[in-house]
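Undergrad: Here is what each chain is made of, one letter per residue.
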Amino acid sequence: MKLIHKTTRYLLLVTLPIALAGTFLLDYLIHQTIHNEVDELLISELKQVKENLDRHPPDARGLLNWDHNLQITYATKSRTQSPVFTDTTLVDSIENKVVPVRMLRATHAVGSHYYAIRLHQPYLEFNEIAHILSIGIVICFVALVALLLLIETLIFRRILQPFYVIIQQLKKYRIDQSESLTFPTSDVDEFTLLSQSLDEMTQRAAHQYSQQKQFTDNASHELQTPLSILSFDLDLLQQSDRLSEADLQRIQRSQKTIKRLSSMNQALLLLTKIDNHQFIRSEPISISELINKLIDNYGDYAANKGITLERLIKEGPTISMNRQLAFILFSNLIKNAIRHGRPNSSILVQISTNSFSITNEGEPLPFSKEELFHRFVRNQALPHSTGLGLAIVKEIANQYGMSVQYTYASLIRRHIFEVTF
Amino acid sequence: MMKILLIEDEPELLVTIQHYLENEGFMVSTANSFRKASEKVNDYVYDCIMVDIMLPDGDGLSIIKQLKEVHSEAGIIIISAKNSLDDKLNGLDLGADDYLTKPFHLPELNARIRSLMRRRHHAGETQISFGDITIFLNRKEVKIANQVAELTPKEYALLLFMITNKDRLLSKEVIAEHIWGDYMDDADSLDFLYTHIRNLRKKLMACGCPDYIKSRYGVGYILTVDA
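Sequences listed follow chains S and A, in order. Quick note on the numbering used here: the first sequence kicks off at 1 and runs consecutively. Quick note on the numbering used here: the second sequence kicks off at 1001 and runs consecutively.
Keep in mind that a hint or two might mislead.
What the hints assert, rightly or not - Within a straight-line C-alpha distance of at most 25 Å, the following computed DSS-like cross-link-like pairs (lysine-lysine) qualify:
1) S:K47 with S:K6
2) S:K394 with S:K213
3) S:K305 with A:K1003
4) A:K1202 with A:K1154
5) A:K1203 with S:K305
6) A:K1088 with A:K1068
7) A:K1140 with A:K1214
8) A:K1202 with A:K1166
9) S:K259 with S:K394
10) A:K1140 with A:K1202
11) S:K50 with S:K77
12) A:K1040 with A:K1003
13) S:K256 with S:K305
14) A:K1166 with A:K1214
15) S:K305 with S:K259
16) A:K1214 with A:K1143
17) A:K1036 with S:K259
18) S:K256 with A:K1154
19) A:K1166 with S:K256
20) A:K1214 with S:K293
21) A:K1140 with A:K1203
22) A:K1065 with S:K213
23) A:K1143 with A:K1166
24) S:K293 with S:K305
25) S:K213 with A:K1088
26) A:K1036 with A:K1068
27) S:K256 with A:K1203
28) A:K1166 with A:K1154
29) A:K1040 with A:K1065
30) A:K1202 with S:K305
31) S:K259 with A:K1166
32) S:K256 with S:K2
33) S:K259 with A:K1154
34) A:K1154 with S:K293
35) A:K1203 with A:K1214
36) A:K1154 with A:K1203
37) A:K1065 with S:K293
38) A:K1166 with A:K1140
Since the hints were made in silico from the structure, they are not lab data.
Let the sequences and hints guide you as you build the complete structure.
TA: What follows is the structure in structure tokens.
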């Protein structure tokens, strides 16, 4: 929900009950006020009537209804009563209509005579006025709210402009790009603050990123260079005619160890780079095409172990990912299957629209299934494995939101790896 | 004689590579910094330039840019400690011809330079001879005397690599890495190489070629005319 909708909703949620309750409250208050005013009027009239009676006590024939709102009669009971207000209705003789009136009844003694006084005051249009007034006020209130909402929408749109520009900028932001972002300045302090903070944050992130990149580059350079020197010297030493078989084999073993050190270093740096999100450049990769190429490439290794590679490759998906990472992900799984596959068995590779699976025959894992994707967990029987291949697989899969499942089908003695896209 | 400029800041690597390439019959000039490399590239013409992209005083990629600005015809091979596809693509985009990741083997370097030189000089070398074997590079054809030996692409690559590095002991790892790229580091996985070598030998000998390929204690192979 947009911010503007959210605020509008809350505003309406608050104002509508106020408007509703306000109508009734106003109506009640106006009524109440009119009531009081009418009562006051009647009391003051009563006072006047009493004074008149005191000054000119009328005889019995004089008690005429010279005002239809005032009736004076002789009281039947000879004692004074306190004034009583009642709401009642009377027939308006002129309009011939029943009208609500306020009535005041009182008695007054003049000498030995007791008079009963009845005073009326029609409410006339008071009630109607009260209704119209309260509804009118509420309508004004609602109109005011609507106007406020309109203004708010316009203001929001204007004020949030820099905010949307910032969002646009952030969407385009890539940590590996060299040019820095320029966030818009605004006369709203909050947005200026946001721009500044983002500016600092992206600069800091870019700095850290480049430092980490620098570190992996240096680490790689500093380790690979001495290994190169060693390897070159052994290459040259190997050419000597005076070497015995044992010497040559020592050289070969050293070369293999150098290779292992180097691939270990590469693998660790690769893991660091994946952790640091240093593989940003993505492109659409056709999974089927890649797998076919990899299988062709490793077919010779497999054939040598008497392993046949069977493919069940349907039209696989095209996934946007880094080419190098895609290559490493699948080649590690294929190499893993060939390396651990039982000689003279088969490896089955299957690709469907949403998964890749590879199975090879072999003994159950010598360690627990959970440890399989941990770093440096390896089969001790294979001294040349780095124990990092599957950790890298997991890491790459995680990066692209894929899942890697491992199961061992003990009945058919097969290891099954499945990558779900 | 082909002139090579070697740009590398690590003195020991520089000397070793220089000696090796000189033994291979190249004329090798060296530069151990960006500044010196930049000067040499300006002042002389080379057939091939090998550049380490991480130099203490600059980026080796800038040398490539500089070469391309003056429309140099030199072949360019990047040597890098980083096994990074991005760097590789950037380098190749700038106009480099090849990319080698450290540590590499010297016979591999030799093969890359020869291959690059063959691609560069279109009018130049179109065939290579070794003993009775003649390779026609354009057609990827191998002839012994006048008889064509039918080789698979892998056997052809194998033979070409061995002829390029003739009279040298090539370990199985070096050969496997050259032919298959990503090499599997299993102790037993390289035996398949034996199968390929055996098939190549058979095919060559079937055409009447003497057996030039010698195995050395199971460590590797040498291609030589000497008995």
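Undergrad: Each of the hints needs a verdict: does it hold here or not?
TA: Hints versus structure:
| no. | hint | verdict |
| --- | --- | --- |
| 1 | S:K47 with S:K6 | violated, 61 Å |
| 2 | S:K394 with S:K213 | holds, 22 Å |
| 3 | S:K305 with A:K1003 | violated, 45 Å |
| 4 | A:K1202 with A:K1154 | holds, 15 Å |
| 5 | A:K1203 with S:K305 | holds, 23 Å |
| 6 | A:K1088 with A:K1068 | holds, 17 Å |
| 7 | A:K1140 with A:K1214 | holds, 24 Å |
| 8 | A:K1202 with A:K1166 | holds, 19 Å |
| 9 | S:K259 with S:K394 | holds, 24 Å |
| 10 | A:K1140 with A:K1202 | holds, 19 Å |
| 11 | S:K50 with S:K77 | holds, 18 Å |
| 12 | A:K1040 with A:K1003 | holds, 12 Å |
| 13 | S:K256 with S:K305 | holds, 20 Å |
| 14 | A:K1166 with A:K1214 | holds, 11 Å |
| 15 | S:K305 with S:K259 | holds, 22 Å |
| 16 | A:K1214 with A:K1143 | holds, 20 Å |
| 17 | A:K1036 with S:K259 | violated, 32 Å |
| 18 | S:K256 with A:K1154 | holds, 23 Å |
| 19 | A:K1166 with S:K256 | holds, 23 Å |
| 20 | A:K1214 with S:K293 | violated, 32 Å |
| 21 | A:K1140 with A:K1203 | holds, 16 Å |
| 22 | A:K1065 with S:K213 | holds, 23 Å |
| 23 | A:K1143 with A:K1166 | holds, 18 Å |
| 24 | S:K293 with S:K305 | holds, 20 Å |
| 25 | S:K213 with A:K1088 | holds, 16 Å |
| 26 | A:K1036 with A:K1068 | holds, 18 Å |
| 27 | S:K256 with A:K1203 | violated, 31 Å |
| 28 | A:K1166 with A:K1154 | holds, 18 Å |
| 29 | A:K1040 with A:K1065 | holds, 14 Å |
| 30 | A:K1202 with S:K305 | holds, 22 Å |
| 31 | S:K259 with A:K1166 | holds, 24 Å |
| 32 | S:K256 with S:K2 | violated, 62 Å |
| 33 | S:K259 with A:K1154 | holds, 23 Å |
| 34 | A:K1154 with S:K293 | holds, 15 Å |
| 35 | A:K1203 with A:K1214 | holds, 15 Å |
| 36 | A:K1154 with A:K1203 | holds, 13 Å |
| 37 | A:K1065 with S:K293 | violated, 33 Å |
| 38 | A:K1166 with A:K1140 | holds, 19 Å |
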